[in-house]
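Listed in order, the protein sequences are those of chains A and B.
Counted from 1, the first sequence has number 119 at position 109 by my numbering; the numbering is strictly sequential.
Counted from 1, the second sequence has number 58 at position 52 by my numbering; the numbering is strictly sequential.
Heads up, a few of these hints could be off.
Unchecked claim - With the C-beta cut set under 8 Å, the calculated list includes, among others, these residues of chain A facing chain B:
no.	residue
1	M70
2	M136
3	L283
To be verified - Label pairs and their calculated CB-CB ranges:
no.	chain 1	residue 1	chain 2	residue 2	range
4	B	S169	A	L293	19 to 29 Å
5	A	R137	B	S169	52 to 62 Å
6	A	T232	B	L102	49 to 59 Å
7	B	A44	A	Q288	52 to 62 Å
8	A	A279	B	H34	48 to 58 Å
Honestly, the hints are just simulated from the structure, not real lab data.
In this text, a Cβ means the ideal position worked out from N, Cα and C, and glycines have one as well.
Each chain, written out:
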Amino acid sequence: LNRQLKILWTATAAAGALGVASVAWPAVEVLDQPLKVLAYAIALAYWVKIAGDHPKGSTMRTAWLLLAWSSGVSIVRHAFYSIIYFTHWPLSVTSFGQIPIVLALILLIGGLLAIWFGFAAIGLGMRFKSSDVVWIAVMAVLAFVPYLFSWRAETSYPVIRPIISLSPLLLAVPALLGLLLHRIEQEMAGGQLATSLRLIVSFLMLRLIALTVNSPALASFTISQVIVALSGWTSIWFFTLAAAYRWSLTISIRELSSRYQANPENELAGLVLLAETQRQSSLK
Amino acid sequence: MHGISEAQWIEYVEGSLPAPDSARLREHAATCAECATALVELSLWREKLTEEADSLRAALALPGDHLEGLLAASIERIRQSHPRCTFREAVMLLRLLLEPFCGSGTAGAAVHLAVQRSTLNGAAENPAAWSLFVSNMSETMSAICGTEAGRLVNQVGVCLNVSQA
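Hey, can you work out the whole structure from these sequences and the hints?
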C-alpha cells in the first residue's frame with residue numbers, strides 16, 4: 011500500500027501543478043473534471059472496502075458508507091460537467107450540476123456527523139477550546155461571502171436558484187464539522203487513523219478556501235486565481251488520500267494479526283520488551 | 007540409491023507402484039541392508055502421518071462443545087507458555103499494541119470504557135474479568151477501527167496470562 015500512497019501523493023502534486031498551469035494556459039482545464047472523476051472513483055473504492063471491515067449497523071460503517079455515497083454522487087457531478095465540456099450542450103444546463111453538488115454535500119455532512127458520533131461514543135471530540143469560537147466566526151464569514159454572491163449567479167431555471175444559494179452554506183457546515191474532526195484528531199494523539207482524519211480536515215478547509223477566494227470580489231486578482239486553482243484541483247486528492255490512509259490502517263492491522271497467528275510467542279515477547287523499554291524511559 | 011529413486015520407494019510404501027517394479031524393490035530390500043533400513047523408516051513415517059490425519063479427522067467430527075473444549079485447552083496451553091502479568095500490565099500491553107494504529111488517546115479512551123464495562127462482582131481490574139474486558143475492548147475497537155482491530159485485540163487478549171497482583 012505504501013506504493014499506492016506514493017502514487018496518490020504524486021497525483022496530488024501533479025493536480026496542483028496542473029491547476030496552477032491552468033491559470034496561464036486555460037487549455038489545461040480539459041483535465042480538471044476527468045481528474046476529479048478519477049480521484050473520487052479511487053476514494054469510492056477505498057471507502058467501500060473500509061465500510062466492509064466494520065460491523066453491520068455500526069456508526070462508523072454508516073459514516074464510511076455515507077462518504078462512499080458522497081463520492082459516488084460527486085463522480086456523477088464531475089462526469090456531468092465533463093460531458094458539458096466535451097459536447098455542445100447549452101451552457102444553461104450547467105445549473106443542474108448544483109443538484110448532485112447539494113446531494114453530495116448532504117451525504118458528506120451525514121458522514122462527518124457519523125464519524126463524530128462514533129468517536130463521541132468513546133468520549134473523544136467532546137471538549138472544545140475558547141479559540142474554537144474564533145474559528146467558527148471565520149468559517150461563518152468565509153461561507154457568508156460566497157452565499158451573498160451566489161444570489162447574483164445567473165440561471166435560466168428558477169428552481170435551481172435556491173440550490174445554488176444553498177451550496178456555500180452547505181460547504182460551510184462540513185468545514186465546521188472539520189473543526190470537530192480536528193479536535194478528535196488532536197485527542198487521538200497520533201496513529202494512522204489521526205492521519206486520515208487530518209487529511210479529511212485538509213480537504214474540507216481547502217474547499218472552503220477555494221469557494222471563498224473564488225467569489226467575484228477576489229476572483230479578478232491573479233493570486234486569487236492561483237489559490238483557487240491550487241486548492242480546487244488538489245482538495246479532492248486529499249479526500250482520496252484520507253481514504254487510502256484509513257485503508258492502510260486496516261492492512262497494517264491485518265498484517266500484525268497474521269504475525270500473531272503465525273508466531274504469538276515472538277510477537278508477545280516483542281510487545282513485552284516494548285512495554286519494558288517505555289517503562290524504563292518514563293522512569294528516567 | 008542402487009538404481010531406485012526416492013519417488014519409487016514412496017510409491018512402493020503407498021502401494022501405487024506397478025506390480026513388476028514392486029516385486030523388484032521387494033527383492034532388492036531383502037538383499038540390501040541399507041535399503042531395508044530406509045524402507046522401515048519410510049513405513050514408520052507413513053504410519054505416523056496416517057495416525058495424525060485420523061486424529062485431525064476425528065477432531066473435526068467432534069460436536070461443537072468438544073471443539074470449544076479443545077480450543078480452550080489450546081488457549082490455556084499458550085497462556086501457560088507466557089509469563090504471568092497483572093490485569094493492569096495486560097491492559098497496558100493491549101494499549102501499546104493499538105497505539106500505532108489509533109493513537110494513544112483513542113486506545114486510552116477505549117480501555118477506559120472497556121474497564122468500566124468489565125467490573126465483576128463490583129470489582130474492577132479483577133483477573134476473573136479479563137475475558138469480559140477483552141471482549142468489551144474488542145467490541146469497542148471493532149466499532150472504531152474495524153473488525154480486523156477487534157480480532158487482533160481478541161487474538162492477543164486470549165494469549166495474555168492474567169493473574170492477581
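Holds or violated: the 52 to 62 Å window for the beta-carbon distance between A44 of chain B and Q288 of chain A? Given a distance of about 55 Å, which is inside 52 to 62 Å, the answer is holds.
How does the Cβ-Cβ distance of S169 of chain B and L293 of chain A compare with 19 to 29 Å: does it lie in that range? holds (24 Å)
Hint validation: L283 of chain A versus chain B, beta carbon distance must be below 8 Å. Holds or violated? Constraint on L283 of chain A not satisfied, violated at 11 Å.
Against chain B, is M136 of chain A within 8 Å by beta-carbon distance? violated (10 Å)
Beta-carbon spacing of R137 of chain A to S169 of chain B - inside the hinted bounds 52 to 62 Å or not: With a Cβ separation near 37 Å, R137 of chain A and S169 of chain B fall outside 52 to 62 Å, so the hint is violated.
Restraint outcome when M70 of chain A is required to lie within 8 Å of chain B by C-beta distance: holds (6 Å)
Taking the CB of T232 of chain A and the CB of L102 of chain B, does the distance hold inside 49 to 59 Å? Given a distance of about 52 Å, which is inside 49 to 59 Å, the answer is holds.
Please test the hint of 48 to 58 Å on the beta carbon pair from A279 of chain A and H34 of chain B. holds (51 Å)
In summary, the structure is inconsistent with hints 2, 3, 5 from the numbered list given earlier, while agreeing with the others.
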